[in-house]
Amino acid sequence: MGVTVTADIEIRVAYCEALDEDGEVLAAFATSDDPDDGYALFRQDGAKLWLEVSDEIFGAHDAIETITVGDDLIALVVRPAMVARLGMIRSVEITPAAEVEGWAEAVALLRRMLPADA
0 MGVTVTADIE IRVAYCEALD EDGEVLAAFA TSDDPDDGYA LFRQDGAKLW
50 LEVSDEIFGA HDAIETITVG DDLIALVVRP AMVARLGMIR SVEITPAAEV
100 EGWAEAVALL RRMLPADA
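Residue numbering for the sequence shown follows numbering that gives the first Met the number 0, starting at 0 and increasing by one per position.
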């Protein structure tokens with residue numbers, strides 16, 4: 000019998016943003032356009048990738064241990080040393096709630112931000 004593992008945080012995305020201009024590169028996935036409702040933000044800072052989950056105090060550079068980016072699922076595991084920095088979150092799953100405007104663009108930008116060995 001298989002065991003179903005669920006993520007600590009599951010974000011059903013209704014709102015996305017992909018921004019790559021004037022040196023600012025970020026992909027944001029949120030449950031709504033209100034940041035209090037939950038989100039994941041990936042921001043490129045030079046060679047480092049910033050991950051922020053649902054609040055700016057729960058963010059860190061180089062926090063991702065593993066990440067899988069598919070067309071309809073982003074799943075990541077936080078590095079053990081960064082779990083406390085991200086509010087004790089160990090894993091995150093991000094999926095589109097339905098047809099989400101900007102999803103494909105945000106996913107494509109996230110893929111470009113990831114290191115080749117991710």
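Because the hints were derived from the structure by calculation, they are not lab data.
There may be inaccurate statements among the hints.
[Stated by the list, open to error] Simulated restraints on C-beta separations: (1) P114 <-> D70: 26 to 32 Å; (2) A80 <-> D33: 27 to 33 Å; (3) A74 <-> E104: 29 to 35 Å; (4) T5 <-> F57: 15 to 21 Å; (5) E64 <-> D33: 25 to 31 Å; (6) A103 <-> P79: 18 to 24 Å; (7) A83 <-> P34: 20 to 26 Å; (8) K47 <-> A96: 16 to 22 Å; (9) E100 <-> D61: 27 to 33 Å; (10) D71 <-> E16: 15 to 21 Å; (11) R110 <-> R11: 16 to 22 Å; (12) G22 <-> E55: 18 to 24 Å; (13) D21 <-> A96: 27 to 33 Å; (14) R110 <-> A6: 15 to 21 Å.
For glycine and all other residues, C-beta sits at the position ideal for the given N, C-alpha and C.
Comparing the hints with the structure gives:
1. Distance hint for P114 and D70: a CB-CB separation of about 20 Å, inconsistent with the stated range 26 to 32 Å.
2. In this structure, A80 and D33 meet the distance hint of 27 to 33 Å, their C-beta atoms being roughly 31 Å apart.
3. Taking 29 to 35 Å as the suggested C-beta distance range, the pair A74 and E104 does not conform, at roughly 19 Å.
4. For the pair T5 and F57, the beta carbons lie near 19 Å from each other, so the given range of 15 to 21 Å is met.
5. Between E64 and D33 the beta carbons are some 29 Å apart, a value that agrees with the proposed interval 25 to 31 Å.
6. At about 32 Å, the beta-carbon gap between A103 and P79 misses the expected band of 18 to 24 Å.
7. Roughly 22 Å separates the CB atoms of A83 and P34, a value that falls within the hinted 20 to 26 Å.
8. Taking 16 to 22 Å as the suggested C-beta distance range, the pair K47 and A96 does not conform, at roughly 30 Å.
9. Checking the proposed 27 to 33 Å range against E100 and D61 shows it holds: the Cβ atoms sit about 30 Å from each other.
10. With their beta carbons about 18 Å apart, D71 and E16 fall inside the hinted range of 15 to 21 Å.
11. Restraint check, R110 to R11: a C-beta distance of roughly 21 Å satisfies the suggested window 16 to 22 Å.
12. The hint said 18 to 24 Å for the Cβ distance between G22 and E55, and at roughly 20 Å that hint holds.
13. A C-beta distance of roughly 30 Å is found between D21 and A96, which places it inside the suggested range of 27 to 33 Å.
14. Between R110 and A6 the Cβ separation comes to about 20 Å, which falls inside the hinted range of 15 to 21 Å.
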